[in-house]
Amino acid sequence: NAGVTQTPKFQVLKTGQSMTLQCAQDMNHEYMSWYRQDPGMGLRLIHYSVGAGITDQGEVPNGYNVSRSTTEDFPLRLLSAAPSQTSVYFCASSHRTGPLEQYFGPGTRLTVT
Amino acid sequence: TQLLEQSPQFLSIQEGENLTVYCNSSSVFSSLQWYRQEPGEGPVLLVTVVTGGEVKKLKRLTFQFGDARKDSSLHITAAQPGDTGLYLCAGAGSNDYKLSFGAGTTVTVRA
Chain A
516 NAGVTQTPKF
526 QVLKTGQSMT
536 LQCAQDMNHE
546 YMSWYRQDPG
556 MGLRLIHYSV
566 GAGITDQGEV
576 PNGYNVSRST
586 TEDFPLRLLS
596 AAPSQTSVYF
606 CASSHRTGPL
616 EQYFGPGTRL
626 TVT
Chain B
264 TQLLEQSPQF
274 LSIQEGENLT
284 VYCNSSSVFS
294 SLQWYRQEPG
304 EGPVLLVTVV
314 TGGEVKKLKR
324 LTFQFGDARK
334 DSSLHITAAQ
344 PGDTGLYLCA
354 GAGSNDYKLS
364 FGAGTTVTVR
374 A
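Line by line, the protein sequences are chains A and B.
Each number in our numbering comes from the position in the first sequence (counting from 1) with 515 added on.
Each number in our numbering comes from the position in the second sequence (counting from 1) with 263 added on.
The hints are simulated quantities; they were obtained by calculation from the structure and are not laboratory data.
Watch out, some of these pointers could steer you wrong.
Stated by the list, open to error - Pairwise CB distance ranges (calculated): (1) A:556 to B:304: 12 to 20 Å; (2) A:524 to B:318: 32 to 40 Å; (3) A:624 to B:330: 46 to 54 Å; (4) A:533 to B:323: 27 to 35 Å; (5) B:301 to A:598: 22 to 30 Å; (6) A:532 to B:283: 43 to 51 Å; (7) A:584 to B:340: 16 to 24 Å; (8) B:290 to A:524: 32 to 40 Å; (9) B:304 to A:578: 19 to 27 Å; (10) A:524 to B:270: 15 to 23 Å.
What the hints assert, rightly or not - From the derived model, a few chain B residues whose C-beta atoms are all more than 10 Å from chain A: (11) 293; (12) 296; (13) 304; (14) 323; (15) 340.
Every residue gets a Cβ at the ideal spot worked out from N, C-alpha and C, and that includes glycine.
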């Protein structure tokens, strides 16, 4: 099992550009989520999904879109990148019942100039 | 949003010493998790506690969930350089799918 995979590992964008961060898991987890990690702020939830076709907003959803067309994939789209979106982004998955024990991907380091 | 406060923010100790990291909130959680994160990697789950007053041990690591399920602690006995990392606590409410994370404690164990 590959677990949770994320691509790309690193990305540099100019302000106003759009892009999609890819996330896939092969553990048949119903629950998938996106977090951003900034120094001194821990992990903040951007969006999450409890199954294919279902998504909901987390703590910091503005400027990001998600979709969940399959159980395996949960892409995160930046519509018009801003310097405030410079961060490390983590995708995670878990079963949707129980304590949501997250399996994290390796992260994508995004810089917006 | 259920806030989790971790203390201290940074901890630097000598190999062989003990340390305790705290995770506190004014909210009640149905479960609380501890993760460890190493530079350039995603967090890895260490333990989940679900019952008030519960104590779990993982080799030299001891995790405790407060009786009121609002706080937790992580105690490391005889720390080793391999314990170095960012320790994160995370709590889940009983009726939502949103996991809240603390800001983390950076632990450095010097050889």
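Structure-based check of all given hints:
With their beta carbons about 18 Å apart, residue 556 of chain A and residue 304 of chain B fall inside the hinted range of 12 to 20 Å. At roughly 39 Å, the beta carbons of residue 524 of chain A and residue 318 of chain B sit within the given window of 32 to 40 Å. Take residue 624 of chain A and residue 330 of chain B: their Cβ atoms lie about 40 Å apart, and the range 46 to 54 Å is violated. Restraint check, residue 533 of chain A to residue 323 of chain B: a C-beta distance of roughly 47 Å breaks the suggested window 27 to 35 Å.
A beta carbon spacing of about 27 Å between residue 301 of chain B and residue 598 of chain A agrees with the range 22 to 30 Å that was offered as a hint. Checked against the hint of 43 to 51 Å, the pair residue 532 of chain A and residue 283 of chain B passes, with Cβ atoms roughly 45 Å apart. A hinted range of 16 to 24 Å for the beta carbons of residue 584 of chain A and residue 340 of chain B is inconsistent with their spacing of about 48 Å. At about 35 Å, the CB distance of residue 290 of chain B to residue 524 of chain A agrees with the hint of 32 to 40 Å.
Between residue 304 of chain B and residue 578 of chain A, the C-beta spacing of about 26 Å keeps the proposed range 19 to 27 Å intact. Distance hint check: the CB atoms of residue 524 of chain A and residue 270 of chain B are about 32 Å apart, inconsistent with the given range 15 to 23 Å. A beta-carbon of chain A is positioned within 10 Å of the beta-carbon of residue 293 of chain B; the least distance is around 7 Å. Residue-level check failed: residue 296 of chain B sits 6 Å from the nearest beta carbon of chain A, not beyond 10 Å.
Its closest Cβ contact with chain A, about 6 Å, brings residue 304 of chain B to no more than 10 Å, contrary to its assignment away from the interface. Its beta-carbon lying about 22 Å from the closest one in chain A, residue 323 of chain B satisfies the requirement of being farther than 10 Å from that chain. Once the 10 Å rule is applied to beta carbons, residue 340 of chain B is consistent with being away from chain A; the minimum gap is 24 Å.
Comparing the model with each earlier hint shows violations of hints 3, 4, 7, 10, 11, 12, 13; every other hint is respected.
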